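Could you put together the complete structure from these sequences and hints?
The lines below spell out each chain.
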Amino acid sequence: MHIGDFKETYSSDQAVFINATSRFWLGVLFAVLFLFPFVAGDYLLFMANLAGITIIGAVGLNILTGFTGLISLGHAAFIGVGGYTAAILSTRFDLPFLLCLPLSGLMAAFFGIIVGGPSLRLKGLYLCIATLAAQLILEFVFVHWESLTGGIRGMNISPPQIFGYVLDNDFKFYFVTLVMVILCVTFARNLFRTRVGRAFIAIRDRDISAELMGINLLQYKTYAFALSSFMAGISGCLWVNFLKTVTPEHFPLMESVRYLAMVIVGGMGSILGSILGAIFMTIVPELISTFLGFLVNIFPTAMSFLFPLQQVIFGLLIVIFLVFEPHGLAEIWRRIKNYFHLWPFEH
Amino acid sequence: MKILSIENISLSFGGLNVLSDVSFDVNKGEIFAIIGPNGAGKTSILNIISGFYGPEKGKVFFNGKDLSHIHADKRAALGMGRTFQNIALYHGMSVLDNIKLGAHTHLKTGLMSGLWYWGKAHKEEMELRKKIEKDIIDFLEIESIRKQPVSSLAYGLQKRVELARALAMRPKVLLMDEPVAGMNAEETEDMARFILDIKEEYNITIVLIEHDMKMIMDISDRVLVLNFGRALTHGTPKEVQKHPEVIAAYLGQKKAETMEKG
Chain W
0 MHIGDFKETY
10 SSDQAVFINA
20 TSRFWLGVLF
30 AVLFLFPFVA
40 GDYLLFMANL
50 AGITIIGAVG
60 LNILTGFTGL
70 ISLGHAAFIG
80 VGGYTAAILS
90 TRFDLPFLLC
100 LPLSGLMAAF
110 FGIIVGGPSL
120 RLKGLYLCIA
130 TLAAQLILEF
140 VFVHWESLTG
150 GIRGMNISPP
160 QIFGYVLDND
170 FKFYFVTLVM
180 VILCVTFARN
190 LFRTRVGRAF
200 IAIRDRDISA
210 ELMGINLLQY
220 KTYAFALSSF
230 MAGISGCLWV
240 NFLKTVTPEH
250 FPLMESVRYL
260 AMVIVGGMGS
270 ILGSILGAIF
280 MTIVPELIST
290 FLGFLVNIFP
300 TAMSFLFPLQ
310 QVIFGLLIVI
320 FLVFEPHGLA
330 EIWRRIKNYF
340 HLWPFEH
Chain G
0 MKILSIENIS
10 LSFGGLNVLS
20 DVSFDVNKGE
30 IFAIIGPNGA
40 GKTSILNIIS
50 GFYGPEKGKV
60 FFNGKDLSHI
70 HADKRAALGM
80 GRTFQNIALY
90 HGMSVLDNIK
100 LGAHTHLKTG
110 LMSGLWYWGK
120 AHKEEMELRK
130 KIEKDIIDFL
140 EIESIRKQPV
150 SSLAYGLQKR
160 VELARALAMR
170 PKVLLMDEPV
180 AGMNAEETED
190 MARFILDIKE
200 EYNITIVLIE
210 HDMKMIMDIS
220 DRVLVLNFGR
230 ALTHGTPKEV
240 QKHPEVIAAY
250 LGQKKAETME
260 KG
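Chains as they are written, first to last, in numbering that gives the first Met the number 0: chain W, 0 to 346; chain G, 0 to 261.
Among the hints, a few may not be true.
Per label pair, the in silico range of CB-to-CB distance [stated by the list, open to error]: (1) G:A180 with W:F16: 41 to 51 angstroms; (2) G:N37 with W:A19: 50 to 60 angstroms; (3) W:D12 with G:K119: 44 to 54 angstroms.
Source of the hints: derived by calculation from the structure; they are not laboratory data. Please read these numbers as outputs of a predicted model, since none were measured by experiment. Glycine residues also receive a C-beta, built at the ideal position from the N, C-alpha and C atoms.
In C-alpha cells, the structure reads:
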C-alpha cells in the first residue's frame, strides 16, 4: 500500500516516474505493449500501428503548438515531406530503411525551419495563415511535381528491411512503431525537464519577458519548428513504409486540422495529452463505425441515415469532452490518478 | 564607481515625446530609485535599459560597455535582471520552473543533450536545483509554494516569485518596476526588507521604480525625479524632498511637509 511520497534527493524529487508504484505500472504497460501483438488479430495490429504513427506526429505538433504556442496548420504537409522523402530515397537511391528514417526527419525539419522563419514576426492567427500557405504549397508540389513524386498516382515502395530482415506484415512493423513511439515520447518528455523545454513554455506564456530573461526568441522558435517537423518527418516515413504507398491525398489540409484537434482534445502542453489525443482520434471513429455496423444488423432499414451519423457522433464527442474538460484528456487522466493516489485512504 | 550610465536618452512614440535628453549614472552597490507622476517615462527608461525599446538618441553604458547594438536577450547574459510592473510570470509552469527559467543564460544544455537528458543535462539540472534551493528559495522564504503552479498564488507571493526568478538570473544590476504596487503594508515591508538584503548580501545594484514614497525615501540611496520625460533633479532622498520643483510637480506641498516631520 502506498502511503505517501518522501524524497531524499533532488534527483528523486524531479524524476518523471516519481515512486515505485508509478514505475511498477510503467513496467506493466511495457509488458502489455510488448505482448499485445502476440494476441491481437490483424485488424487490431493495423490500428495499433496507425495509432503509434499518429502519436509521433501528435507529439511533434504538441511541442510546437501546445508547448511553444505557435499554431501550425501545416503539420500534415511536414508529415508528407517525411513520407515522400522516405519513398524517394528508398525507390530511387535504394537507401536502407534505417537511414531513410532520420533523413526523412531531417528533410521535414529543414522545411519546418523555412516555414517557421516568419514566426519571429507573426503570432497567433497570422502565423496560422502563414503555415496554411505552406500546407497548400507543399500539397500542390506533391500533386504537380510528377517526375519526383509520381503525381496523383503517387509511388509504391517495397517492404522495408532492417539488416536483411523484411518487415512485410503488420506484426513485424508493430515493433518498429513501438520502439519509435517510446523513443519520441521519452525524448520529448526529457526535453521539458531542461532549460530548452522551459524556454519553449516561457515563449508561449510571455514572449517579451522570456526575451528579457535571456532567451533568444528566433533560436528557440526555430528549435521548436525543427523538432516538431522532425517528428512529423519520422511519422511520415513510418506511415509510408507501413502502407507501402504514398499519394498526395494522405496529407490534405483536413489532416493538419485533425492533428490540431488531437492536440487540443488530448491536452495542449502535455506529452501524455498528445498520446491520448492521437489514440482517441484514431480509435474512436472505428469504435463508432463498429457500433453503427452492429445497429445496422438489427435495423437494416436505418442504414441510410446511420452511416452519415458517424461524423456527427464523433464531432459531438469532441465537443462534449472539451466542454467538460477544456484541458483535455490528460487532465481527466490526472484527476483519475489523483483519486487513486492514496487510495483507499484519502486523508 | 559607475555601473550603469544613461547618456542623453530621447524616445518618442509618434508625436509623443516620452523621454527627452535624460542622463544619469547608477553607482555600483546602491539602490537607485526613479520616481515621477504617471506617464513621466519611468517604465520607458527601464525598457530602454533592458533593450526592449531602442532609444532614438543617446546611449546606455553597462560597466563601461556601450549597449546600443546588444540585443535584449544578450543583456540578460551580461548581468541585467528585471521584474515587471504587471507580473510577467509563466503561468503554465510551477514556481520552481519559473525560478529555474531565470537561470537560462547560465545553463548550457542544448537541444540534443536536452532530448537525451541523462548525463550532462541531468547533472546540470541537479546543480541548478541545489543552488536555487539554497540561495533563492530559502532566502525569499518560499519553500512551501515551490511545487505550486504560479497562477494559484496570491498577488504578493507572485511578486516574490518574480523577484526569485530575477535573482536566479544572477544579475549585477536588478531593474525593478514597481515591486510593491498593490501590496498591503505587511507585504510591502517584507519586500523592502528583501530588497535591502539583496543589496547587502548579494551586492546587487538595484534600480527601482515605485510610487510608494515612504518606501522610496526609506531604502533608496539616490533618487531621480522624472516629469513629462525630463529629469527634474536627482540626489539623496533628503535633497530631492526639498527640491521646490519636485514639490510642485509631484509630492505636493502638504505631503512634503508631513514627510519632513515624519
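Ascending list of hint numbers which this structure does not respect: 3
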